[in-house]
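Go by the hints and put chain B onto chain A.
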Amino acid sequence: MTPLLQVRDVAKFYGARRGCEGVTFDLWPGEVMGIVGESGSGKSTLLACLSGQMAPDRGEVIYDTRDRGPVDTRAMSEPERRMLMRTDWALVHQNPRDGLRMGVSAGGNVGERLMAVGARHYGDIRARAVDWLGRVEIDADRVDDRPTAFSGGMQQRLQIARNLVTGPRLVFMDEPTGGLDVSVQARLLDLLRGLVREMGLSAVIVTHDLAVVRLLADRLIVMKDGRVVEAGLTDQVLDDPQHGYTQLLVSSVLQV
Amino acid sequence: MTEYNFAYLDEQTKRMIRRAILKGLAIPGYQVPFASREMPMPYGWGTGGVQVTAACLVPEDRLKVIDQGADDTTNAVSIAKFFRRTAHVEVTERTVEASLIQTRHRIPETPLREDQILVYQVPIPEPLRFLEPRETETRKMHALEEYGLMHVKLYEDISRHGAISTAYAYPVRVAGRYVMDPSPIPKFDNPKLAGMAAVQLFGAGREQRIYALPPWTEVISLDFEDYPFEPTKADAACDLCGAEDSYLDEVIVDDAGGRIFVCSDTDHCRARRAAGHLGAQGVPYEEGAA
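These protein sequence lines map, in sequence, to chains A and B. For my numbering, count along the first sequence from 1 and bump the result up by 13. For my numbering, count along the second sequence from 1 and bump the result up by 87.
Every clue listed holds true.
Below, in silico cross-link-like pairs of lysine to aspartate or glutamate (DMTMM-like), each with a Cα-Cα straight-line distance of 20 Å or less: (1) B:K240 / A:D157; (2) B:K240 / A:D158; (3) B:K227 / A:E91; (4) A:K237 / A:D222; (5) B:K227 / B:E294; (6) B:K110 / B:E305; (7) A:K237 / A:D22; (8) B:K168 / B:D148; (9) B:K279 / B:E201; (10) B:K110 / B:E294; (11) B:K168 / B:E184; (12) B:K240 / A:D137; (13) B:K227 / A:D111; (14) B:K168 / B:D158; (15) B:K227 / A:E93.
Simulated from the structure, these hints should not be mistaken for laboratory data.
In isolation and in its complexed conformation, chain B is listed as follows:
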C-alpha cells in the first residue's frame, strides 16, 4: 500500500472523532473526551485541530490554514502541505473561498458564512486548569456550574494590574451554561465567537478533548459589573493597508528599533490592498507580488 487513507486517519478513527464533534455540537462548550491519535507532528503543533480537520474534510473541500492569522508561517504551511498530500484537497489563502479553515490563535477578520467550518487548535482546553489542577474537581465544577473560581482569576488581574490583564484565552460562557477556553485567541477576537454563522470546532490533541460552538451560539466574555470586558488591540493602523479595525502585529523591521504595525490576518490585509487601500508605508498592490 503506497497511498494514505483519505486525510491520513482511518475511517473508524474519523467516525469516532465525528461522534465526539456531534456530541460537542449538541452540548455547546462541553469538553468531549476522544481517543486522540498519534499524529506525524509534535504535540503543540495542532494535533487536535488536524484530527478534527481530517474528520471533517471531504474531497471537494477547499482548505485554508492560518497560524496567528498568517497563511505563510511554518505551522500553517506544514499542515496545509500535510492535507494536500494525504487528502489531495485544494488549498487556498482566501478566507472567502475556503470551506474549512484550521486556525491557530486567530479568527479571520472577514465574517464567516454558514457553509464554512472553523477549526481551532487548542493547547489546554480546561479554562479552570491553572486555578484547580485536579481534573476530577474541574469536571465536577463544570457539572455543577461552579464557576466562581473563574472570577477569582479576573479579580487577581484587577488587584494586581488595575484592569483585567488577561489578553488571550479569555474565558467565555457559552449559551448560559459552560465556561469555555476559546483557545489562545486574543480577546479582540472574543466578540466574533458570539453569533458566528460558521460551525466552530475546537480540538486539543494532547489533552484529548473536543468541544464546539454551533452556529449562532450566545457567547459571553466573563467580566465584573464595574470592570466590563473590553476587546483590545494595538492603538494604531496597519502600515500596509491602513486598516484601523483589524488586529495588528508589531513587527521589528531593522536593527535600529524601526517597527511597523501590520494586520495579523494576512489575507484580510492582501484583500484590502487589492481593493486599493494603502497604509502609511504600503506600496500599491500587484497580483502575485508579496
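So here's chain A without its partners, still in its complex pose:
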C-alpha cells in the first residue's frame, strides 16, 4: 500500500521569516492527521502548502493520484492541480464565508462542484444536493435559501456538504469548528466523525483545539515556531506528552 500523501521536508519562508520547515510525514488512506500548535506556529502555512494553495520553497508533497500513481503536486500543471482541487480533494475553511458562495442558494453551492466536473442534468444535480443537505442535517426545504439566511453552524455544515459531494479522497480542514459555540461544535464533530468513517476519507485537520483532534485524529503532529516538535498517535501524544511545549499545551486545556 502506498501512502495517499507523502510530505517530505516541506519548508516555506516569508522572506527571512520561517513559515514552516522540515515537515515530513505520511498520510495513509482512511487516516486522519491532526496538526496542532499555537497561533503563528505555521499550521495554516503548512496546510496551504499541502493543499496546493501556496507553493512550498522546498520539499515534496506527493499525492497518490487515481490514474497516475504518486505525483509531486508541485510538478503538476495548474489545470491538473485545480482539477484535483475540484474532484479528489476538498478544502474546508475556518470561516464558511470563505468557502461558500454567499449569493448562491444552498443547492447551487452544493451543485457547483458537480457542475464543475460536467454534470448537466438539473434534476440529478438537485437530487444530489438535497441528499447531501440531508446528510449534514439541513432540512430539504432550505435548499433554495441562501447561506446568508443560515446560522453559523449550518453554514459550516453546508460548506462540508459542498466539499464532499464529489466524493473526495482527501479533505483539508482549517479549524473546522472555530467560531462555533460548544454544543454546535459537538454536533459538527459528531457529524464529521461519522462522514469520515462512512466514506473512508483521509483528512488533514489543522486546529488549536485539542478536543477536536482527540475526537477526530488518528495521529497528531505538534508544531512550534514552524517546526514539528512532536508526532505520534493522538492518544499517545495527548496522554504522555514528551516535549515541553506539548506538555504546556496539554496542561493549558481548561477543565470544567
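Then chain B, alone, in the frame of chain A:
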C-alpha cells in the same frame, strides 16, 4: 487643422484596434484587451462599438446603426451622425444595403451576408463577472476552461423561477472553447449568432475588450439536459406588419392602458409593410411616410 482624421480616430489607433480585431477573429470568443480611447460620448453609449466601427470603416462603406433594433432612436441617430460627419460615409436604414452595421442589443431579422460586418456595443464583456468579481480569477477560469460556474447561474434561475429566466445576455460557448457574453441581445437572437455569414465584432469601450466571431462559427447557448435552451419572444404578432416570427416590442399607445406589439427591428417591419404585409392595426405602406 479643421477636419477630423477619417472616422475620427488617428491611424495608429485604428491600427492598434485592427490588430485586436484580428487576434479576436483568430481566437473566437476570446476577450482581447485593447487600449480603448476616450471618445466624444459617454461610456455606455457605445464607445467600444464606435471604436471598432471606426477601425473597420472605409470611405465606400454604407453604415447602418441600430439601437434595440430601431434606426431612429437617440443612440443610433447620434452615432450615425457622428460617422457621417467624421467619415462622410453614406448612412442607410436598410439592412440589405448596409456593408457595416453597428448594433446595440439586437441582431437584424434579415439574415446577413458574407460581405457585411456586424459590430456590437458591449457593456460588460465578461460572462462570469457577476459570479466571480476578480478579473485575475475569471481570466484563469477562461484559460483553464473552468466553466462550471456559468451553470451555477442557470441552476439558480431554475431553482428560483422554475425555468432559465435569463432573457438577455444569455451565455454561449463558442467553437467548443470560450464561453462568451453575446452582449445584451435577447436570447431570441442567440440562434442567429451561430453559423452567421457576416463577421461579428464585439467592442467594450469602458472595459477595454474586443472579441469576435468569424463567419460560420459554431455558437451554442448553454443549458441543462432537462431544461434545454429556448429562444423566447412575446406571444403575439406585430400589429403593424403582422410578422409572427420577429422579436417584438410592447408599446403603450395611450393613457388608458392601450398597447400594441411592434417589430423591434424597424427596417424589417418597414420592408414587410412595403411588400404588402399588414398587421391588425397597420395602415398600407407609403414610401416616405413614417
